[in-house]
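Asker: Make a model of the complete structure from these sequences and hints.
Chains A and B supply the protein sequences, listed in that same order.
Numbering of the first sequence is given in full-length UniProt numbering, commencing with residue 1 and proceeding in unit increments.
Numbering of the second sequence is given in full-length UniProt numbering, commencing with residue 1 and proceeding in unit increments.
Wrong hints could be hidden among the right ones.
Identical copies go unnamed one by one, so any copy, or any two together, can satisfy a pair.
[As the list claims (entries may be wrong)] No farther apart than 16 Å at their CA atoms in a straight line, the calculated lysine to aspartate or glutamate pairs in the EDC-like style are these:
(1) Lys69 to Glu54
(2) Lys69 to Glu107
(3) Lys83 to Glu107
(4) Lys220 to Glu180
(5) Lys304 to Glu273
(6) Lys313 to Asp203
(7) Lys191 to Asp242
(8) Lys249 to Glu180
(9) Lys249 to Asp183
(10) Lys293 to Glu273
(11) Lys69 to Asp105
(12) Lys62 to Asp101
(13) Lys191 to Asp294
Worth flagging that the hints you see were computed from the coordinates, not collected in a lab.
On a predicted model such as this, the values are computed, not experimentally measured, just so you know.
Protein chains: 2
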Amino acid sequence: MNDQLEQIKAQSKIAPPTGGRGDSSVSVFAPATVANVVCGFDVLGFAVDAPGDEVVMRVTGKPGITISKITGDNGRLPMDPAKNTVSVSVKHYLESIGRTDLGLDIELHKKMPIGSGLGSSSASTVAGLFAAKTLLNDQRDVAQLLPFAMKGEEMACGHGHADNVAPALMGGFVLIRSYEPLDVVRLPHPKDLWCAIVFPDVDVPTREARQIIRNKINMKDAVTQWGNVAGLVSGLFMNDIDLIGRSMKDVLVEPVRSMLIPGFYQMRQMAMELGAVSFGISGSGPSVFAFTKDEQTAHAVIQKLQAFLSGMKIHSESYVSTVNDTGPRVL
Amino acid sequence: MNDQLEQIKAQSKIAPPTGGRGDSSVSVFAPATVANVVCGFDVLGFAVDAPGDEVVMRVTGKPGITISKITGDNGRLPMDPAKNTVSVSVKHYLESIGRTDLGLDIELHKKMPIGSGLGSSSASTVAGLFAAKTLLNDQRDVAQLLPFAMKGEEMACGHGHADNVAPALMGGFVLIRSYEPLDVVRLPHPKDLWCAIVFPDVDVPTREARQIIRNKINMKDAVTQWGNVAGLVSGLFMNDIDLIGRSMKDVLVEPVRSMLIPGFYQMRQMAMELGAVSFGISGSGPSVFAFTKDEQTAHAVIQKLQAFLSGMKIHSESYVSTVNDTGPRVL
Chain A
1 MNDQLEQIKA
11 QSKIAPPTGG
21 RGDSSVSVFA
31 PATVANVVCG
41 FDVLGFAVDA
51 PGDEVVMRVT
61 GKPGITISKI
71 TGDNGRLPMD
81 PAKNTVSVSV
91 KHYLESIGRT
101 DLGLDIELHK
111 KMPIGSGLGS
121 SSASTVAGLF
131 AAKTLLNDQR
141 DVAQLLPFAM
151 KGEEMACGHG
161 HADNVAPALM
171 GGFVLIRSYE
181 PLDVVRLPHP
191 KDLWCAIVFP
201 DVDVPTREAR
211 QIIRNKINMK
221 DAVTQWGNVA
231 GLVSGLFMND
241 IDLIGRSMKD
251 VLVEPVRSML
261 IPGFYQMRQM
271 AMELGAVSFG
281 ISGSGPSVFA
291 FTKDEQTAHA
301 VIQKLQAFLS
311 GMKIHSESYV
321 STVNDTGPRV
331 L
Chain B
1 MNDQLEQIKA
11 QSKIAPPTGG
21 RGDSSVSVFA
31 PATVANVVCG
41 FDVLGFAVDA
51 PGDEVVMRVT
61 GKPGITISKI
71 TGDNGRLPMD
81 PAKNTVSVSV
91 KHYLESIGRT
101 DLGLDIELHK
111 KMPIGSGLGS
121 SSASTVAGLF
131 AAKTLLNDQR
141 DVAQLLPFAM
151 KGEEMACGHG
161 HADNVAPALM
171 GGFVLIRSYE
181 PLDVVRLPHP
191 KDLWCAIVFP
201 DVDVPTREAR
211 QIIRNKINMK
221 DAVTQWGNVA
231 GLVSGLFMND
241 IDLIGRSMKD
251 VLVEPVRSML
261 IPGFYQMRQM
271 AMELGAVSFG
281 ISGSGPSVFA
291 FTKDEQTAHA
301 VIQKLQAFLS
311 GMKIHSESYV
321 STVNDTGPRV
331 L
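Answerer: Written as structure tokens, this is what we have:
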């Protein structure tokens with residue numbers, strides 16, 4: 001890896017100020033993600049095809065990272081490069097490969113809601129890191145960017161969790177087996193697993209959603225939970241959607257967090273009655289998601305849930321896709 | 001299943017007093033099992049080729065279950081059919097298929113230590129149930145016997161856990177995803193995974209080993225644990241012995257139970273230095289086991305550990321085998 005790093009440094013020095021790829025700018029999309037996946041609190045996550053964020057990155061003549069534009073955030077995100085998760089992550093990355101001499105400008109186009117429980121900051125961060133990696137012609141596996149992406153998460157959420165950034169970066173279903181040392185495992189999944197996401201536009205800050213979780217739990221509940229985590233992982237490997245559905249039960253976090261989501265259990269019942277395989281909270285909420293066996297059922301679920309939320313005068317957004325196996329991509 | 005049950009009843013009524021198979025006696029071996037598998041407390045277990053127990057079952061002319069002989073138990077097991085796990089389980093099974101008119105005599109030959117943490121009662125129970133199933137020509141999947149085997153466990157250990165009986169019955173690696181409803185999943189495993197077992201002959205009653213486990217645990221530790229459970233299951237599916245090894249860490253139960261096993265951490269160090277992939281407590285102990293990548297290393301481990309225990313004046317037994325995929329078998 002050190003050899004590879006030297007090579008990147010050498011290559012990327014050939015042609016400044018255009019980075020190493022020869023291009024002086026790049027546009028990148030990175031996907032939204034569903035963390036926890038009901039029973040796998042803090043260890044499981046997967047990427048979806050939509051929504052996601054876009055970053056346009058340009059090599060500038062002057063060392064340092066700038067942010068020239070942010071759209072779609074209603075002014076909520078900091079333009080200060082020292083405070084924005086994207087620029088902070090990219091800075092850590094450039095430092096790690098000894099390219100602090102480089103000048104990069106960032107345009108961030110938010111194409112997904114902030115504070116939705118869909119890994120909004122992760123999508124931006126991963127888009128930024130992948131753009132930098134592309135400009136620098138860094139040929140290493142994207143998973144190498146994970147520690148830098150986690151730096152961004154640490155700033156955004158107050159903790160360096162990886163269950164959003166890892167799937168946003170690597171695509172597909174990802175298990176974070178361990179944080180120290182960091183050990184991530186990419187899991188397979190049934191190709192015909194559809195995901196219906198509904199974001200009810202109510203405020204559930206990640207920090208608060210985390211604070212209401214109990215620190216002390218019953219061993220008995222923990223056993224139930226890891227039986228289900230093991231069942232979910234088995235179902236993913238066995239292509240057994242019914243086992244996946246049976247395993248997606250959360251006796252520890254959902255009972256608390258669901259209180260922050262209006263009509264959560266009614267929405268679950270509606271989704272299950274329409275034929276969903278499972279239903280739960282995406283990340284720390286308020287977005288909810290259902291797995292279904294086909295696209296049609298996924299659309300039926302979002303239609304029903306959005307009508308229900310609308311009846312409660314709650315605006316919502318919805319997304320339907322299969323699991324995204326690509327991760328970030330150049331546009 | 002009800003149709004199948006009617007068929008069994010009908011078939012098994014054709015030729016009493018010889019059961020349904022036409023044979024009037026059968027000898028069955030059932031394997032010892034390693035429950036918990038370090039991180040999978042109460043949800044994971046696997047079967048080994050050795051040791052195991054044997055049951056000889058004979059059809060008698062008189063309704064009811066008798067126990068005519070028990071060997072290898074040093075007089076520790078009850079001869080009373082109302083108190084012996086084997087006869088109790090078989091009785092539940094006969095009742096479930098409406099064959100209480102049948103007379104069965106049991107000879108139990110203990111070929112493994114009692115109270116060893118190797119699923120001693122499960123091996124006996126499964127041998128008895130499989131013998132009855134064989135005599136009755138019950139063609140259903142062996143997994144159907146699980147509820148009856150759990151009745152035996154309930155009597156033997158004070159709780160109806162399935163992490164020993166399920167692998168003893170089904171062979172291989174088994175996940176008990178859920179108890180209510182009972183949901184078991186057979187997991188694959190690398191063919192070249194060797195298991196070295198050492199039983200230090202010290203007294204660790206299952207009930208006490210269970211009582212010292214804390215009821216309240218930290219959420220943080222639980223997350224670490226289910227990350228590892230998910231890693232272990234992934235490693236089994238991926239044939240990745242290193243991932244299996246990295247995942248076999250227990251931050252919740254082992255730190256407490258290891259106190260009941262003299263020299264536990266020294267033995268771990270010895271095993272790991274000899275090249276073991278993992279090391280831990282089998283079930284509730286005092287038996288310990290190591291996974292290795294080959295037979296030679298497994299033998300080196302048991303040799304070293306037995307010499308160490310011998311130095312502490314502790315008698316021990318040892319066993320080396322791969323994972324047993326067969327479960328019970330007619331001898």
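Asker: Taking the numbered hints from earlier one at a time, note which ones the structure violates and give those numbers from smallest to largest.
Answerer: Violated: none.
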